[in-house]
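**Student:** If you're matching them up, the sequences are chains A and B in order. All residue numbers for the first sequence refer to numbering that gives the first Met the number 0, where the first residue is 0 and numbers rise by one. All residue numbers for the second sequence refer to numbering that gives the first Met the number 0, where the first residue is 0 and numbers rise by one.
Rather than coming from a laboratory, the hints here were simulated on the basis of the structure. Any given hint might turn out to be false.
Unchecked claim - For each label pair, taking beta carbons as the anchor points, the in silico distance ranges come out as:
#: 1; chain 1: A; residue 1: LYS178; chain 2: B; residue 2: LYS2; range: 16 to 26 Å
#: 2; chain 1: A; residue 1: SER179; chain 2: B; residue 2: THR138; range: 53 to 63 Å
#: 3; chain 1: A; residue 1: THR145; chain 2: B; residue 2: GLU30; range: 48 to 58 Å
#: 4; chain 1: B; residue 1: ILE21; chain 2: A; residue 2: SER84; range: 24 to 34 Å
#: 5; chain 1: B; residue 1: TYR74; chain 2: A; residue 2: GLU243; range: 45 to 55 Å
#: 6; chain 1: A; residue 1: ASN70; chain 2: B; residue 2: LYS65; range: 21 to 31 Å
#: 7; chain 1: A; residue 1: SER239; chain 2: B; residue 2: ASP26; range: 19 to 29 Å
#: 8; chain 1: B; residue 1: SER196; chain 2: A; residue 2: LYS245; range: 33 to 43 Å
Every value quoted in this text rests on a predicted model; they were computed, and no experiment measured them. Quick reminder that beta carbons are idealized off the backbone N, C-alpha and C, glycines included.
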Amino acid sequence: MVKIRIIPCLDVKNGRVVKGINFVNLIDAGDPVEQAKHYSDNGADEICFLDISASLENRDTMVKVVEKTANEVFIPLTVGGGISSVENIHALLKAGADKISINSAAIKDPVIVKRSSEYFGNQCIVVAVDAKKHFNDWYVYSHGGTKKTELLALNWIEKVQELGAGEILLTSMDKDGTKSGFDNELLNKVSEFLKIPLIASGGVGTLNHFYEGVVKGKADALLAASVFHFNELSIKEVKSFLKEKKINIRV
Amino acid sequence: MKKITIVDYGSGNILSAQKSFIKVARDNNFEADVTISKNLSDIKKSSHIVLPGQGAFNTCMDGLKKTHGLIDELYEFALIKKKPFLGICVGMQMLAKISEENGIHEGLGWIDGIIKRLPGDSLKLPHMGWNEAVPRNSTHNNLISTKNDYYFVHSYYFDCADNDNILAETKYGKNFASIVGKENIYGVQFHPEKSSSQGLNLLKEFIKV
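Just chain B, same shape as in the assembly:
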């Protein structure tokens, strides 16, 4: 029995994430309990954690900090127990050490790197719509094996300090990391829950981790 918890810290549209995991579990006959929660006891009992994120980086970080002990519990889960953890969009960006969105803000720092603004001189920002993620060679396990299209909505990207943490890249003006990973910790810049069958496949791979 998988226990997938989607961390609830006041970020928008997390229902879609929950529904997509329920759909994946149902379609693949996984026995899974998918809950939205910020209770530390739920986090403790989880087999998989999903950290969603929408909006500004510092607002999301502040939201996480608001629930006393939440960050410590997530740290315990991902870095001590090394259980599967997935950050989506700003949830992925929060894995970085620092973000440059609206000033300099500290992130969780679980994967070394800085969140920077995409070059928007000749391109429209946010980078919104379907784009291709191309897998890269890395010593870490990848969630995708072939290039696929996913749905993106973002203006900032994860500039990884260590190229080995880049599991897939996408081009928008420049190449940026669209999937990052380090051992049991994953982050996707796009929205798998909005990326049709390709997105659901990625969630399936994550459940199987």
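This is chain A alone, in the form it adopts within the complex:
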């Protein structure tokens, strides 16, 4: 059966990693290619680049970064952050990305999900959703979590699935940065109706949090950033822990 995936996520700004590994053995800690290679060598199942560049010109830099990464890294690569058009998606896929994650652009015009998944295949299109709880409901936030929308997260996820999204990358804004575990309540609610893979993001701090994301949240993949970057946990540790707990994982 298909295995649970562990995905390290790197924030890239103007072609440089801004939140990444701080290991001494890296020659250039700011080089996304080197960081991606490090994670791949250590057992990552996929790599995710999140482009946080502010300007459009710098987005072209991302295409070059992807090209260079594809020379060195032979696991699937997802690229997200500021993707606004089918042309953007095409350029990144052509450079060697395997999947593109769309967030604000889908909120602005959901048709991009339909168009791009029909054109490039559903498996290429990941819809990233940033959600935050207000009383009993989760709302979708856009623009890197800065703008609240009126969209209810559960409805929105159901809608993008119908439009052709191949995967959902669900970040809990309540949990992000807290190291108190994934929002398993939210993940579980989404898993109940989702027919496409669910990537959990936000809040992981311990080995057991990864385990809970799978058994309580029912996620298909687990994404993490800082626990890996600051070497608090290694991908190998996470994987052998999950393996011991009888989770189906690639080691």
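With chain A held as given, fit chain B onto it using these hints.
**Tutor:** Quick look at chain B alone, frame taken from chain A:
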């Protein structure tokens, strides 16, 4: 000197396939020239051919047919000269006689079988992610000797008419052929170019054929 040609017929992300072969050649000190091409003269001169494939079956077949003489040249290479040929993902599926994806479509028919949809009643489709390929006994040479994890993205599978053509199987709801083979012709349902060191090892074995 190996001359590996990755067939260019408009299918997506073939750069990754080229880069993975370049990496394998470099790491193993193989002298190899890895090109992406649809020129019949390049096909003729090749020692190894790789047929990638992404997207719908009939779109890929139409792409192959578009270049006049390409299918005949590939046939000459694989079935007359019997030189090593590897199909990846839909490139593997095109080796079959027929596909049931979006209607009934004819494939190359080099390995007997039908491309069918995976049972998705209780499982998510596409079958996406890492899964285990377990080698089987066959009279044909296998590309893998032990079970390994590879990266899959597909909703259809190769239902082989002859079990002897199944070189490895993978379970997703049911067991399906994840590596097929017949003499010098191979097909892998997964993406070796995205399957880390295990995938690169398989490509190495193919170059050595």
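**Student:** For each hint, tell me whether it holds in the structure or not.
**Tutor:** We went through each hint and held it up to the structure:
1. LYS178(A) / LYS2(B): 16 to 26 Å: Since LYS178(A) and LYS2(B) have Cβ atoms about 53 Å apart, the given range 16 to 26 Å is violated.
2. SER179(A) / THR138(B): 53 to 63 Å: holds (57 Å)
3. THR145(A) / GLU30(B): 48 to 58 Å: holds (54 Å)
4. ILE21(B) / SER84(A): 24 to 34 Å: Because 31 Å falls inside the window, the suggested range holds.
5. TYR74(B) / GLU243(A): 45 to 55 Å: The hint (45 to 55 Å, Cβ to Cβ) holds, given that TYR74(B) and GLU243(A) are roughly 51 Å apart.
6. ASN70(A) / LYS65(B): 21 to 31 Å: This hint holds: roughly 29 Å between Cβ atoms.
7. SER239(A) / ASP26(B): 19 to 29 Å: holds (27 Å)
8. SER196(B) / LYS245(A): 33 to 43 Å: For LYS245(A) against SER196(B), whose Cβ atoms are near 25 Å apart, the range 33 to 43 Å is violated.
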